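J.: Using the sequences plus the hints, can you model the full thing?
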Amino acid sequence: MSQPVSSSDSHAPLRTDIRLLGGLLGETIREQDGEAVLALIEEIRHFSKAALAGDASAHRQLEGLMAGLDDDSLLPVVRSFGLMLNLMNIAEQYHRVRRLSAASTRETSHRKSLPQLLSHL
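Take 1 as the starting number for the sequence shown in the numbering used here and just add one per residue.
Hints listed in this document are in silico derivations from the structure and should not be mistaken for laboratory results. Any given hint could turn out to be false.
Computed spacing ranges between beta-carbons, pair by pair [stated by the list, open to error]: (1) S119 / E27: 50 to 56 Å; (2) G82 / L118: 53 to 59 Å; (3) R60 / A39: 37 to 43 Å; (4) H59 / S101: 40 to 46 Å; (5) N89 / A12: 29 to 35 Å; (6) Q32 / R60: 29 to 35 Å; (7) L118 / E42: 58 to 64 Å.
Heads up, simulated SDA-like pairs for lysine to any residue below, C-alpha to C-alpha not over 20 Å straight-line [to be verified]: (8) K49 / L20; (9) K49 / R79; (10) K49 / V37; (11) K49 / D71; (12) K49 / E63; (13) K49 / G23; (14) K49 / L100; (15) K49 / H59; (16) K49 / L87; (17) K49 / M66; (18) K49 / G34; (19) K49 / A39; (20) K49 / L85; (21) K49 / R15; (22) K49 / V78; (23) K49 / L38; (24) K49 / N89.
Note that the structure is predicted; figures quoted are calculated from it, not measured. The C-beta atom is built at its ideal place from N, Cα and C for all residues, glycine as well.
T.: Written as structure tokens, this is what we have:
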């Protein structure tokens, strides 16, 4: 993504990239492991987000769901969350480069602007 970064929400491109990568990972999981595995992963993700927000019921449901998984069911879940964390790290690194590049471009143009202005006088 090489969209201009607004000062009001400089992390919007990062969130967009993460949503894109998450969607692609979801499609891949569906193709490779099936709809049931993807639904399980999404259910775990939903309960996790709610539990982190303070929903005690979601926390209990998440614990019960995770405790009931056998090794064969747990492997694709763990693998998918690991892959998503890796993709998020890559997106964050790319976002840092994007922001540094934008800052460098602004800095260079600011340094050139005064000499250009003076040359026109």
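J.: Against each hint, give a clear statement of whether it holds in the structure.
T.: For each hint, the structure was consulted:
1. S119 / E27: 50 to 56 Å: 54 Å Cβ-Cβ, so the 50 to 56 Å window holds.
2. G82 / L118: 53 to 59 Å: Given about 56 Å between the Cβ atoms, the range holds.
3. R60 / A39: 37 to 43 Å: violated (20 Å)
4. H59 / S101: 40 to 46 Å: holds (41 Å)
5. N89 / A12: 29 to 35 Å: Violated, since N89 and A12 (Cβ atoms, about 19 Å apart) do not stay within the stated range.
6. Q32 / R60: 29 to 35 Å: holds (31 Å)
7. L118 / E42: 58 to 64 Å: Holds: the Cβ-Cβ distance is about 60 Å, inside 58 to 64 Å.
8. K49 / L20: Given pair K49, L20 holds - Cα atoms ~19 Å apart, limit 20 Å.
9. K49 / R79: holds (19 Å)
10. K49 / V37: holds (18 Å)
11. K49 / D71: Violated, at about 23 Å.
12. K49 / E63: With Cα atoms ~13 Å apart, K49 and E63 stay inside 20 Å; holds.
13. K49 / G23: holds (17 Å)
14. K49 / L100: violated (31 Å)
15. K49 / H59: At roughly 9 Å apart (the allowed maximum being 20 Å), H59 and K49 satisfy the hint.
16. K49 / L87: holds (18 Å)
17. K49 / M66: holds (15 Å)
18. K49 / G34: Violated, at about 23 Å.
19. K49 / A39: holds (15 Å)
20. K49 / L85: With a Cα-Cα distance of about 15 Å, the restraint between K49 and L85 holds, given a limit of 20 Å.
21. K49 / R15: At roughly 16 Å apart (the allowed maximum being 20 Å), R15 and K49 satisfy the hint.
22. K49 / V78: Cα-Cα ~16 Å, so holds.
23. K49 / L38: holds (16 Å)
24. K49 / N89: holds (19 Å)
In summary, the structure is inconsistent with hints 3, 5, 11, 14 and 18 from the numbered list given earlier, while agreeing with the others.
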